[in-house]
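Read off the chains here:
There are 2 protein chains.
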Amino acid sequence: MSLIVQKYGGTSVGDPERIRNVARRILETHAAGNQVVAVVSAMAGETNRLIQIAAKVTGEGKEPTEREMDVLLATGEQTTIALTAMAINAMGGTAVSLTGAQAGIETDGVHTKARISNITPSEVHRLLDEGNIVILAGFQGRTAEGRITTLGRGGSDLTAIAMAAAVDADLCQIFTDVDGVYTCDPRVVPDARKLDEIAYDELLEMASSGSKVMQSRSVEFAKKFGVRFEVRSSLNTNPGTLVREETMSMESVVIRGVSLERDQAKVTITGVGDLPGTASRIFGPVAEANVIIDMIVQNVSKTGITDISFTVNKADLARAEAALKPVLAELGEGVALEAEDGIAKLSVVGIGMRSHAGVAAQMFETLAKAGVNIQMISTSEIKIAVTVAESEIETAAKAVHEAFGLAGG
Amino acid sequence: MSLIVQKYGGTSVGDPERIRNVARRILETHAAGNQVVAVVSAMAGETNRLIQIAAKVTGEGKEPTEREMDVLLATGEQTTIALTAMAINAMGGTAVSLTGAQAGIETDGVHTKARISNITPSEVHRLLDEGNIVILAGFQGRTAEGRITTLGRGGSDLTAIAMAAAVDADLCQIFTDVDGVYTCDPRVVPDARKLDEIAYDELLEMASSGSKVMQSRSVEFAKKFGVRFEVRSSLNTNPGTLVREETMSMESVVIRGVSLERDQAKVTITGVGDLPGTASRIFGPVAEANVIIDMIVQNVSKTGITDISFTVNKADLARAEAALKPVLAELGEGVALEAEDGIAKLSVVGIGMRSHAGVAAQMFETLAKAGVNIQMISTSEIKIAVTVAESEIETAAKAVHEAFGLAGG
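If you read the sequences in order, they're chains A and H.
Take the first sequence: its position 56, counted from the start at 1, is 56 in our numbering, and no numbers get skipped.
Take the second sequence: its position 221, counted from the start at 1, is 221 in our numbering, and no numbers get skipped.
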């Protein structure tokens, strides 16, 4: 008998009929002879509905207390666990629900984005041993003092992976609305192939490059505790992608996938003196404006004067510019700011890159042949990222996907 | 500094604007130098909304598991406590919310109608001592093992009264949509007067006679633990009615109030042998059919044959008849069933009745003068109830109200 932890997201439990579908899948897994812990999210739309009521109650210009926001948002998953357990019981199964607090998920006290500090799975084990299916609320926990907390974005995935670690599950399945992790976005590259497996680090790099299968924190947690998990669709029974520790054989694959991120913008500060503290004087104000910076590129200077470029989401560009304007004068005479949107980022990811030379050269050559101009380049140990004009991103992605032999067949 | 427990029902917190009104009232009470614990119900309509989703999820003909129904329904009050605390905080106060479980309200394990077994108010005291207003979820608790339970109908009133007892509150205020307890329903008797005070037993008799200010179980709990509480309106600042233990001076008032209950039906079993066990053979099947019986009248028999009459809600009449049909033959030859709806019940209630003779005579004489025919009579120590034709109930109520001098002045 295996112990399986499953996770179903908000779309999968978005209405009563979908909850019944999820109940059937859970029952099938249980009927196949497994113990099952199913983590569920709030029904799609529920969290936004609650946030809107909170805004009405607090009034214009006031932020709801974060402690109370957690009490409010936690009702979303509590509703789903009750409904899912009811559905299973109505179909003849035996399910019981647990809130995060009841399941022994202890967190720190940072409301709305708490971190799991400890899990005491004795109640989960007790209920499983009695023959129950356990339906567990994702996204939530409680502090040591008993306050209700929520885990922030991607919190339900994290609940599933952390609980899988705590109960030493044989398998963790993350059900979502895609079939798994693909070599590239199939809407852009039609012959993109679903991967059978991928290493934690590869998925992390792909996630940070625009492939939004999962939040990085859940993948990092799984990596830290060695939890293998499968990403698969709740809409069909196709096998998904197994996310796991790196193996020797994985290195034979040079490039695992290509990810792309649109709607980027580039800011360049030109004529900056190449002096200690310059970078912090630029990026300090941008961070204070809550703008998330992605790539940063600075070239070696020859004359003591250099240019610093970085990318941000297009939606944040105006805020970044506004934050930087007061700083320009302080940076010296002749310092100027150039901003440009309409750019996109293309990344190739693969742990095989470490042991294979020439990946960057091959990528740049491929893009050149396809007539795509490279604007910025940034690399990590297992990733090469470039920015190109947004109008050329599809051409670029197709060319690179083909050049590295990623197509299915 | 006084410690005040307040309770606001579902209508009082029915939308964001009403929640803000409740928040203002709580803040005013706090600003007057009191410690405040405010018990809130689910927003009006929310419980029904949840029950409907549950029905969709379980499907036709299936009842949701009661354990899970409690998990689901408890989200209703959890939503309100968070929103109410947010509203207070946004107005500059300092409020924290507690679910029933967090507040130490322990119950037995009878889901959907649990009874409070114990309250450990240490967390409530700790939060109050820190200067917080405590917003407490009504209607819910947890078992010793940590399962979520709900208290059933009138549960939020019960939470308020039980918590007032546990923290030894100086005052408990039940805010509702009426100004207090009246000598009679003002829609029927326009000169009905709001009572300044009423004894627990009087309110209990009035509640069981159709004056639906509060569920009997909350009043019984208050009586048992000596919790004085005030019933008052959340829509204005009028003083309400104080419900308290009986005092000597109360006895000088013969009749406290008149209550009426419409939509009653009467069942008479005629020609029944006056033998041991007959009553249980009649009322056993009716109880099994979940029909609640109100008045029961049986006269002394002279010939070994008697008639037994009882009243039920009109809506339950068909079910009561169906349950009794198979029994009639067993009760002997000549036994027949007569059923009649279109009747109503009129009760006069007052602890002064104990020490004043002639109340019944005065009531019957008054009804006779008003031309109202009495069908059945039933009395308790502090109540006289009669049934009359429903078409005559208003005439009857006005006449009795006037005869006992209850009108305002």
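Incorrect hints may have been included.
Pairs involving identical chains hold if they fit within one copy or between any two copies, as the list cannot separate such chains.
Once the Cα atoms are required to be at most 20 Å apart in a straight line, the calculated SDA-like pairs of lysine to any residue come out as [what the hints assert, rightly or not]:
#1 K62 with R153
#2 K194 with D15
#3 K314 with E338
#4 K212 with T306
#5 K56 with G93
#6 K56 with G45
#7 K62 with V188
#8 K62 with G92
#9 K302 with A165
#10 K325 with N299
#11 K194 with I53
#12 K56 with T11
#13 K302 with G146
#14 K369 with Q52
#15 K302 with G104
No lab work stands behind these hints: they were computed from the structure.
Evaluated hints:
In the homo-oligomer, the alpha carbons of K62 and R153 never lie at most 20 Å apart, since the shortest distance is 22 Å inside one protomer and 36 Å across protomers. Taking the shortest Cα distances, K194 and D15 never come within 20 Å of each other, neither inside one copy (28 Å) nor across copies (48 Å). Taking CA atoms no more than 20 Å apart as the test, K314 paired with E338 passes inside one copy only; the shortest distance there is 14 Å, against 81 Å between copies. Proximity of K212 and T306 under a CA criterion of 20 Å is satisfied in neither setting, with 34 Å inside one chain copy and 80 Å between copies.
In the homo-oligomer, the alpha carbons of K56 and G93 lie at most 20 Å apart only across protomers (17 Å), although the nearest pairing inside one protomer, at 41 Å, exceeds that limit. In this assembly of identical chains, the alpha carbons of K56 and G45 lie at most 20 Å apart whether taken from the same copy (17 Å) or from different copies (18 Å). Neither within a single protomer nor between protomers do K62 and V188 lie at most 20 Å apart by alpha-carbon distance, with minima of 42 Å and 46 Å respectively. Taking the closest pair of Cα atoms, K62 and G92 come within 20 Å of each other only across two copies (10 Å); inside a single copy the shortest separation is 48 Å, beyond that limit.
Proximity of K302 to A165 under the C-alpha cut-off of 20 Å is found in neither arrangement, the shortest distances being 52 Å within a copy and 80 Å between copies. In this assembly of identical chains, the alpha carbons of K325 and N299 never lie at most 20 Å apart, being 22 Å within a copy and 96 Å across copies at closest. Taking the shortest Cα distances, K194 and I53 never come within 20 Å of each other, neither inside one copy (40 Å) nor across copies (37 Å). Only between protomers do K56 and T11 lie at most 20 Å apart by alpha-carbon distance; the minimum there is 17 Å, versus 26 Å within a single protomer.
Taking identical chains as interchangeable, the C-alpha atoms of K302 and G146 are never at most 20 Å apart, the minima being 59 Å within one chain and 68 Å between chains. For a Cα distance limit of 20 Å, the shortest separation of K369 from Q52 qualifies neither inside one copy, at 50 Å, nor across copies, at 61 Å. Within a single copy, K302 and G104 get their C-alpha atoms no closer than 58 Å, and across copies no closer than 70 Å, so neither meets the 20 Å cut-off.
Of the numbered hints given earlier, the model fails hints 1, 2, 4, 7, 9, 10, 11, 13, 14, 15; all others are met.
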